[in-house]
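Student: Residue-level listing of the chains:
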Amino acid sequence: MHPLDVFRFAIGSLRSNWRRTGLIALATAIGVSSVLLLTALGEGANRYVRGQFESLGTNLLIVLPGRSETVGGPPPLLGETPRDLTVDDAYALLQHPSLQQVAPVMVGAAPVSTPAGLEREVTILGSTSEMLDIQRLQMAYGQFLPPGDPQRAASVCVLGSELAVHLFGSSTAVGQWVRAGDRRFRVIGVLADSGVTVGIDFNDLAIIPVASAQALFNRESLFRILVEAATEQDLDAGEKAIHRLIAERHEGEDDVTVIAQDSVVKTLGRVLTTLTYGVGGISAISLIVAGVLIMNVMLVSVTQRRAEIGLLKALGARLADVRRMFMVEALLLATLGAVVGLVVGLAATQVVAELYPKFPVAVPLWSIVVALSVAMSTGLIFGVIPARRAAALDPIEALSKR
Amino acid sequence: MIDLRNITKTFVLGEQQVNAVIDVDLTIGRGEYVSIMGPSGSGKSTLLNLIALLDRPSSGEYRFDDQLVTDLSDDELAGVRRHSIGFIFQSFHLVPRLTASQNVELPLTLAGVAPVRRREQVERALDATSLSDRAQHRSHELSGGQRQRVAIARAIVTEPKLILADEPTGNLDTAAGSQVVALLEELRIKQGVTLIVVTHDPDLGQRAERQIRIVDGRIAKDVHASA
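Line order of the protein sequences matches chains A and B. The first sequence begins at 103 in the numbering used here and counts up one residue at a time. The second sequence begins at 7 in the numbering used here and counts up one residue at a time.
Worth flagging that the hints you see were computed from the coordinates, not collected in a lab. Beta carbons: idealized from backbone N, C-alpha and C, even for Gly. Treat the hints with care, as some may be off.
[Unchecked claim] Chain A regions said to be covered by chain B (calculated; three or more residues, Cβ under 8 angstroms):
(1) 111-118
(2) 287-293
(3) 492-501
[Unchecked claim] Far from chain B, some chain A residues (derived; all Cβ distances over 12 angstroms):
(4) H104
(5) R152
(6) G153
(7) Y193
(8) S215
(9) D284
(10) L307
(11) T375
(12) G380
(13) L401
(14) T405
(15) V472
[Stated by the list, open to error] Distance ranges between label pairs, derived from CB positions:
(16) I483/A x G85/B: 26 to 32 angstroms
(17) W120/A x E165/B: 34 to 40 angstroms
(18) E165/B x R110/A: 31 to 37 angstroms
(19) R110/A x D228/B: 44 to 50 angstroms
(20) T33/B x I483/A: 47 to 53 angstroms
(21) A181/B x V391/A: 53 to 59 angstroms
(22) L421/A x T33/B: 27 to 33 angstroms
(23) E499/A x T33/B: 25 to 31 angstroms
(24) E499/A x D77/B: 21 to 27 angstroms
(25) E126/B x R110/A: 16 to 22 angstroms
(26) E126/B x W120/A: 30 to 36 angstroms
(27) P121/B x L457/A: 28 to 34 angstroms
Given these sequences and hints, build the entire structure.
Tutor: In structure tokens, the structure reads:
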């Protein structure tokens, strides 16, 4: 029997039972579309988190004072106080070619008041002009801290977008003076709303030059140093260089901890990808359920069509012909469901994308491949038993029973 | 054409062995018109199934068209049926979702005949059974007599050497029945095929040139009636 005729025969049988065909295809379609939708959500979460971190800079190394390392042995006689990180430490890191930019960071809190008498306890960040670039900050108004000697304590500040509204309402903040502790600062810029929710909340703080912060808080030590490596490949070399350079400056004591933001992102990405696989796998179970449904329906069909199968065999159909007819029918059922599921799944993803534009849902290619191949192979696998049963029917018995 | 030697068919029913056909010797020549009659349970259907290559004898030898078919595989037997035997059943056995012409086409499709040749042969068969105007009807749109004529067209479309009709008029009224019989007899003469009719209707059986009567699995009577 010609393959095309087998095909036509199977299609004819599916069409004559269109209600049954539709219902079974629906089961497969639900399976396929749920796999696609759920993996799209997982992928969306993954991309969302990545996007958030990437907007903070992926080549970022964060240097913290002190070593987070558990060392065995008896406790030292003298308390091991790590040496403070200083602004000079920060700039010393630039000696290494793989480290492109540094921004020393100091953090403190102080009451900030306006000439109008509004006062607010505010997180104050002491840093330098490089922070704008390293943290990918955007300005809404005015300018960021001016570049220049980091030791110069200029009396200027940059406000986060929320803080600017709190202090000055709808009136222009740039050019106004604010008082922080016992010092006065002129507002030279307001940050744009970053929308980023991980890391530091830049919307509700004031940024002043690091030297001014040292004076304001009356201490030298830095909270941390932000370092940007030239490229992603430089991260490892950069990290080693930091340890070496700091050790040189701290009398041979490598007493800092370096965190690569990239490794945090990657770890999170791995967790989310695993989660996506898991969710996709769970929904793939529904495809196997659909496969079992296909098998049942095909078995019922074999029973209902005993006379037809008997006739085909009497008329000289080979065993392989009969088997193929039913296999193709099962496969077509699965394929129909898979295609409908593909369309529905992609459409549903599109709807989610329209409803939540900030959430970057996307159906990953692997999930399409997996969903379709699982759907088709369940059709194939669960089609085997009915097809065999059909082929094994005794034509005499099949024809005599009415 | 058909040469049965010592054919016995035994069924096992529960713990009992039932001999449906016992030690039958039968030779039927090309172009013969044979009726096989007998009461129900006499083994005539079993004999028909054996002749039709739908069933295998428990013992004995069967030569179909000078070929020993007793030890052919299922697929080889299917091949002989496909090319050499046309079937007509009491309950027509048309595939309900297919049109008359598609039903007639079925044996050709199974034999892998090319579509163009298929169409020609189907047209010829429908023409021979005066069904050309019913080609696109499905079986529920046809009368019993028309359905059986579709079945006859399906049986002759491969131009077989042997046509086996199992109670061809059993589900038909007298008028439609005699039409169908007339058609079968006409086709037999035109195409020179061997025609075997199994029936327990004596009127139908007596029309055949050779009448075989089966009782209890044995040939009780084998009469050549001069037409």
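Student: Going through the numbered hints above, which ones does this structure break? Give me the numbers in ascending order.
Tutor: Violated hints: 2, 4, 18 and 27; rest satisfied.
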